[in-house]
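Let's have the full structure, built from the sequences with the hints guiding it.
Residues per chain, in single letters:
Number of protein chains: 2
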Amino acid sequence: MARYVIGIDLGGTKIATGLINERGEIIKKVTMPTLAAEGPKTVIAQVKVSVYEVIKKASIDINEILAIGVGAPGPMDVEKGVIKNPPNLQGWDDIPLHNILLDEFKLPIGLENDANAAALGENLYGSGKGIDNFMYITISTGIGGGVVVDGKLFKGANGNAAEIGHSTINFEGPLCGCGNKGCWAAYASGSALARFAREGIKNGQKTVIKDIVGDENIKAEHIFAAAKQGDDYAIELIGREGYFLGVGLANMVNIFNPECIAIGGGLTHEWDMFYDRMLYVMKEKALKANVEIVKVVKATLGSDVGMIGAAAVAWNVL
Amino acid sequence: MARYVIGIDLGGTKIATGLINERGEIIKKVTMPTLAAEGPKTVIAQVKVSVYEVIKKASIDINEILAIGVGAPGPMDVEKGVIKNPPNLQGWDDIPLHNILLDEFKLPIGLENDANAAALGENLYGSGKGIDNFMYITISTGIGGGVVVDGKLFKGANGNAAEIGHSTINFEGPLCGCGNKGCWAAYASGSALARFAREGIKNGQKTVIKDIVGDENIKAEHIFAAAKQGDDYAIELIGREGYFLGVGLANMVNIFNPECIAIGGGLTHEWDMFYDRMLYVMKEKALKANVEIVKVVKATLGSDVGMIGAAAVAWNVL
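The listed protein sequences derive, respectively, from chains A and B. Per numbering that gives the first Met the number 0, the very first residue in the first sequence carries number 0; after that it's consecutive. Per numbering that gives the first Met the number 0, the very first residue in the second sequence carries number 0; after that it's consecutive.
Each hint should be verified, as a subset may be incorrect.
For chains that are exact copies, the list does not tell them apart, and a pair is met inside one copy or across any two.
[Claimed, not checked] Distance condition first, Cα-Cα at most 20 Å in a straight line; then the derived EDC-like pairs of lysine to aspartate or glutamate:
1) Lys-79 / Asp-149
2) Lys-83 / Glu-258
3) Lys-287 / Glu-78
4) Lys-154 / Glu-258
5) Lys-287 / Asp-93
6) Lys-209 / Asp-231
7) Lys-105 / Glu-198
8) Lys-294 / Glu-78
9) Lys-154 / Glu-291
10) Lys-294 / Asp-76
11) Lys-83 / Glu-291
12) Lys-287 / Asp-92
13) Lys-40 / Glu-52
14) Lys-83 / Glu-171
15) Lys-151 / Glu-258
16) Lys-201 / Asp-231
17) Lys-27 / Asp-214
18) Lys-218 / Glu-235
19) Lys-227 / Asp-210
What the hints contain is simulated information worked out from the structure, not anything from laboratory work. Keep in mind it's a predicted model, so treat the numbers as computed, not measured.
Okay, here's the thing in structure tokens:
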């Protein structure tokens, strides 16, 4: 008999809930925009509805589900199953999501921070299959990460390990959303890339980027689009993006000494445009013994990684 | 019947070998200066002699020893028991120390990089007793570290994890011995502190530091001595040292999310002179959820940490 879990990717903009089998295959899925502005009560109701919808869609009963896993934004207390106060989930403050879902569904519930869940998913079903020392990094609006050793997440004391986006790569650098200066994310996230472009344009840089989109609406994708048109400034910005990614990757290689680093997130849609530079800089900066052993690859689960990762979390609580 | 192992702290300047019991107590010890300039053959002979001397001193037979542990400078291949090419062990290049000692003593042999061994020692017998998510950092001429989770070392793919001294904290910073720019060690190690003082004096800084010792022989200890005499420049340098230590500590707190960080190494002799500033900066820079849970303490095993750590490595191979 087939065995199923439910994986819930609870994000600030989207909830994606899937019925997933032991091979990490999605049997059915339901997605909906997160009504984040309406606060935790509404969002929690959405989460519950998404579970009922997905089992209805699959024509199975809740009793046929073995466990439910959730990947959600941090910070959280994983031990207690409590979501603290994520910047992109407005009004959340110490919400005991584990117990809320346990009360509703009477099933084993696993809760993990989203990047950790994704790391587990890629390790179990994606780019990191069979790799003992594995690291997943997501580069999108921010930078997050998760580390899996011998099939187990490296969680830290309260589940907040691998907050790699907020490691300082230049203590004299720009202010980050977290309050620190010169975080990796403040240099190399998609938002940082867009910020650099806006600053450059303000300072009179010639570029077609602002012809593609208004000054204020620049996103990373517009810079890649401009670079493909041969725009010098966009090409320079992407060169710097590769450099900043390489600096942080070198730190990860020295600190975690992984066998494989898989990179996912929005920026990897343009993988070929920064990969060479990123790798060059990483190899130049990291220690030889650590560089020798590491492979850097593109993550393979794509936009389903959060949901499949949440399912991996569910299998892990069984 | 008492059970014993031998712990060998193989350093670039000193070999310290101890007979150690299950409580981490040193029964007998032998130390000698490392004849590093004479190359691996001589140093390996010294290591063997030190083992025979310590069991002779304790009036026991080699058969009463359960295992031998060695802490040595990296890089190394821990799986294969091979020491690669440590900067402070001249002429070493892929030396299979594990097999050499196995041939000699016919006992289980454990080999670990020195900072990892020390981390294990502090976790088992020192400042980290009973702590599940523990990190040890040594600040002396360089900066090294080791992470222990649930009693097991976080080793990485080839035993070179936690090379934290070579994480970049300012990619525009000074060149480090490893070839990278702006490593934590290039800012906050004892050598870096001394280098900043020499540079300042060259640039005309007024200070009593050079009256304590000639310009070229300045070490961290002289700067602390000058600060105790009220020397403004020395006090400024130590303030900056505390800042740089805090920057790197914040990174460790965000990345490893430990419950306890114990700091050892030469600089901790002057713990009170930099602790407050270091902690202040760390708390200001690291994420709240991670700061809340972490304690930062002085390591307790002192100068025996290498030897006791090597003994912990020995117990771990049994």
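Now the hints, each set against the structure:
{"no.": "1", "hint": "Lys-79 / Asp-149", "verdict": "between (24 Å within a copy, 19 Å between copies)"}
{"no.": "2", "hint": "Lys-83 / Glu-258", "verdict": "between (32 Å within a copy, 18 Å between copies)"}
{"no.": "3", "hint": "Lys-287 / Glu-78", "verdict": "between (37 Å within a copy, 17 Å between copies)"}
{"no.": "4", "hint": "Lys-154 / Glu-258", "verdict": "both (18 Å within a copy, 11 Å between copies)"}
{"no.": "5", "hint": "Lys-287 / Asp-93", "verdict": "between (43 Å within a copy, 14 Å between copies)"}
{"no.": "6", "hint": "Lys-209 / Asp-231", "verdict": "within (13 Å within a copy, 51 Å between copies)"}
{"no.": "7", "hint": "Lys-105 / Glu-198", "verdict": "neither (52 Å within a copy, 66 Å between copies)"}
{"no.": "8", "hint": "Lys-294 / Glu-78", "verdict": "between (32 Å within a copy, 19 Å between copies)"}
{"no.": "9", "hint": "Lys-154 / Glu-291", "verdict": "between (26 Å within a copy, 16 Å between copies)"}
{"no.": "10", "hint": "Lys-294 / Asp-76", "verdict": "between (32 Å within a copy, 18 Å between copies)"}
{"no.": "11", "hint": "Lys-83 / Glu-291", "verdict": "between (39 Å within a copy, 13 Å between copies)"}
{"no.": "12", "hint": "Lys-287 / Asp-92", "verdict": "between (44 Å within a copy, 14 Å between copies)"}
{"no.": "13", "hint": "Lys-40 / Glu-52", "verdict": "within (18 Å within a copy, 71 Å between copies)"}
{"no.": "14", "hint": "Lys-83 / Glu-171", "verdict": "neither (30 Å within a copy, 35 Å between copies)"}
{"no.": "15", "hint": "Lys-151 / Glu-258", "verdict": "both (15 Å within a copy, 19 Å between copies)"}
{"no.": "16", "hint": "Lys-201 / Asp-231", "verdict": "within (16 Å within a copy, 42 Å between copies)"}
{"no.": "17", "hint": "Lys-27 / Asp-214", "verdict": "neither (40 Å within a copy, 72 Å between copies)"}
{"no.": "18", "hint": "Lys-218 / Glu-235", "verdict": "within (16 Å within a copy, 43 Å between copies)"}
{"no.": "19", "hint": "Lys-227 / Asp-210", "verdict": "within (14 Å within a copy, 61 Å between copies)"}
Checked against the numbered hints above, the structure violates hints 7, 14, 17; every other hint is satisfied.
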